[in-house]
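Sequential numbering from 14 applies to the sequence shown in the working numbering.
Hints listed in this document are in silico derivations from the structure and should not be mistaken for laboratory results.
These numbers come from a predicted model, not from an experiment.
Hints may contain errors.
With a cut-off of at most 27 Å between alpha-carbon atoms, the simulated DSS-like pairs for lysine-lysine come out as follows [what the hints assert, rightly or not]:
(1) K135 with K173
(2) K74 with K101
(3) K173 with K158
(4) K139 with K101
(5) K138 with K158
(6) K158 with K168
(7) K139 with K173
(8) K101 with K80
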Amino acid sequence: MGDQSMNFEMAISWGDDLINVLDDGKGFGVLVQTLEQLRSIHFSCDDDFSEIQESLQDLQKKVDACKENTYEAYSEMADEEEIERLQKELDQELELEYMNSQGAFIEEQILAIKRNLRDQLKNEKKLSMYASVTRVIPNIDDPLKTSGYMVDREKRVMDKFEFDPDKRTAYETCNAVWDIINRQ
């Protein structure tokens with residue numbers, strides 16, 4: 014119940030901003046374009062993941078076939094040369110599978126790093142926009158607090174502010190932030 018009231022208060026506090034964005038055709042277009050870009054990236058990652066999964070499945074089939082051949086060779090009492098050849102083939106397949114799994118892991122890590130960098134760049138652009146328009150840089154590290162910094166035209170920190178959500182309503186906090194912005 015507490016989460017729902019907090020979400021409701023957050024929705025109310027963002028309501029005017031959301032209405033302004035939706036009224037502004039340009040802002041809504043940017044949101045739609047961003048959503049489309051995120052979907053495109055998501056589909057691209059899904060495609061890459063599917064290809065890697067298929068490759069791993071193919072390799073697993075080859076490894077299983079090699080194991081079966083090795084088992085058959087042992088059960089038929091094949092000569093030592095055949096057993097050695099099959100063991101080498103199995104070792105090569107296992108090594109190839111290991112290399113591919115490492116490649117998939119590295120690729121996954123690279124994608125995660127790219128996502129983090131993209132998110133950081135997006136946050137930096139938002140903060141720069143906030144500073145340019147309102148001369149306020151919000152602190153986005155702690156979503157439970159409303160805090161930030163007042164900056165001058167050169168974006169040097171002038172004042173720091175922080176509001177305790179337990180002592181103020183979202184409405185009061187919003188008005189206090191607007192008061193700070195209007196003082197400049």
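A quick look at each hint next to the structure:
Note on K135 and K173: the hinted pairing holds, with a Cα-Cα distance of about 23 Å set against a maximum of 27 Å. The hinted pair formed by K74 and K101 meets the criterion: a straight-line CA distance of about 17 Å does not exceed 27 Å. Of the pairs offered as hints, the one joining K173 and K158 holds, with about 13 Å between alpha carbons and a cut-off of 27 Å not exceeded. Between K139 and K101 the CA atoms are separated by roughly 57 Å; this puts the pair beyond 27 Å, and the hint is violated.
Proposed proximity of K138 and K158 is supported: the alpha carbons are some 21 Å apart, at most 27 Å. A threshold of 27 Å between alpha carbons decides the hint, and for K158 with K168 the separation of about 22 Å falls inside it, so the pair holds. Under the criterion of a C-alpha separation no larger than 27 Å, the hint pairing K139 with K173 is consistent with the structure, at around 19 Å. Of the supplied pair hints, the one linking K101 and K80 holds, its CA atoms being roughly 11 Å apart against a limit of 27 Å.
Hint check: a violation occurs at hint 4 only; the rest are consistent with the structure.
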